[in-house]
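Kindly generate the complete structure, drawing on both the sequences and the hints.
All letters in the sequence shown, in the order written, are residues 1 to 278 by full-length UniProt numbering.
Check before you lean on any hint, since a few could be wrong.
Claimed, not checked - In silico DSS-like links for lysine-lysine, alpha-carbon gap of 30 angstroms or less:
(1) Lys26 with Lys160
(2) Lys26 with Lys52
(3) Lys29 with Lys91
(4) Lys59 with Lys91
(5) Lys91 with Lys26
(6) Lys160 with Lys91
(7) Lys160 with Lys52
(8) Lys52 with Lys91
(9) Lys205 with Lys29
(10) Lys190 with Lys205
(11) Lys59 with Lys160
(12) Lys29 with Lys52
(13) Lys190 with Lys275
Hints in this document: simulated from the structure, not taken from any laboratory.
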Amino acid sequence: MRPDQRITSRNARFQQWESLLNNRNKRTKVREFLVQGVRPISMAVRYGWPVKALVYDGKRTLSQWAEDLLRTVDAERIAMAPDMLADLGEKNENAPELVAVIEMPADDLGRFSAAENFLGVLFDRPTSPGNIGSIIRSADAFGAHGLIVSGHAADVYDPKSVRASTGSLFAVPAVRVPSPGDVMAWVEGKRAEGQPIVLVGTDEKGDCDVFDFDFTQPVLLLIGNETSGLSSAWRSLCDHTVSIPMTGSASSLNAANAATAVLYEASRQRIAARKRSA
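Quick look at the structure:
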């Protein structure tokens with residue numbers, strides 16, 4: 001077990017961790033991000049993400065959960081003053097008892113499952129990190145194998161995204177890619193291996209309603225930018241488009257809500273197909 005260290009001033013190391021909260025370039029450079037909350041930290045450990053440091057409140061009696069983490073996780077253990085830990089935990093009042101510094105994985109589409117019934121989501125140029133985290137949470141809930149964040153976009157590892165995922169970030173691969181070409185090279189490779197992935201875009205003027213499309217086949221679901229929808233490049237690459245029928249006065253759905261609705265329908269169809277074949 002590594003010996004505990006203590007940080008009592010806002011030194012360079014504290015400032016580096018603090019910068020991970022709001023500086024994407026810093027996160028990318030050091031390939032680390034901060035994780036707050038019992039469930040997200042527990043999920044990171046459960047799924048084997050490398051924990052670089054556990055920063056804990058050095059002036060309080062810790063919970064059994066925190067004590068167990070400090071005893072069993074192979075990471076630096078850093079005792080810190082409550083007011084400084086509150087800054088890392090982004091708490092205005094009560095400081096968290098523990099914050100984790102987690103290593104960021106490579107943006108590699110090879111992290112995705114090669115399952116025959118592949119279901120993935122691509123989010124085109126999202127501007128809201130909260131929406132990214134919400135879609136990761138829905139992808140996890142409805143059996144999707146991963147999320148691709150495409151183009152100039154908000155960051156998967158922004159604290160708002162990590163919190164909105166409620167720990168699902170650690171269970172479902174989320175990969176950032178710069179352009180459609182990177183994704184299509186991966187899709188064509190999968191097709192060549194016998195996994196006929198179809199690209200299905202969401203659009204208010206889709207080819208059919210979402211419940212009339214066959215989601216039991218391998219699918220990559222495309223969700224557009226919150227303001228402008230799918231780019232022309234992604235629209236041209238869609239094999240099919242689907243729409244979500246709506247009633248009432250709402251003209252559209254939030255991107256995360258739209259993704260959730262389609263993922264639910266895909267999950268429903270797949271469960272029904274399994275029951276029929278059982």
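Here is how each hint holds up against the structure:
1. Lys26 with Lys160: Holds - the C-alpha atoms of Lys160 and Lys26 are around 16 angstroms apart, at most 30 angstroms.
2. Lys26 with Lys52: holds, 16 angstroms
3. Lys29 with Lys91: It holds: about 25 angstroms lies between the C-alpha atoms, which stays within 30 angstroms.
4. Lys59 with Lys91: holds, 17 angstroms
5. Lys91 with Lys26: Holds, at about 21 angstroms.
6. Lys160 with Lys91: holds, 13 angstroms
7. Lys160 with Lys52: holds, 20 angstroms
8. Lys52 with Lys91: holds, 22 angstroms
9. Lys205 with Lys29: Cα-Cα ~41 angstroms, so violated.
10. Lys190 with Lys205: The hint holds at about 29 angstroms.
11. Lys59 with Lys160: It holds: about 27 angstroms lies between the C-alpha atoms, which stays within 30 angstroms.
12. Lys29 with Lys52: holds, 15 angstroms
13. Lys190 with Lys275: Roughly 27 angstroms separates the two Cα atoms, so the pair holds.
This entry does not satisfy hint 9, going by the numbered hints stated previously; all others are met.
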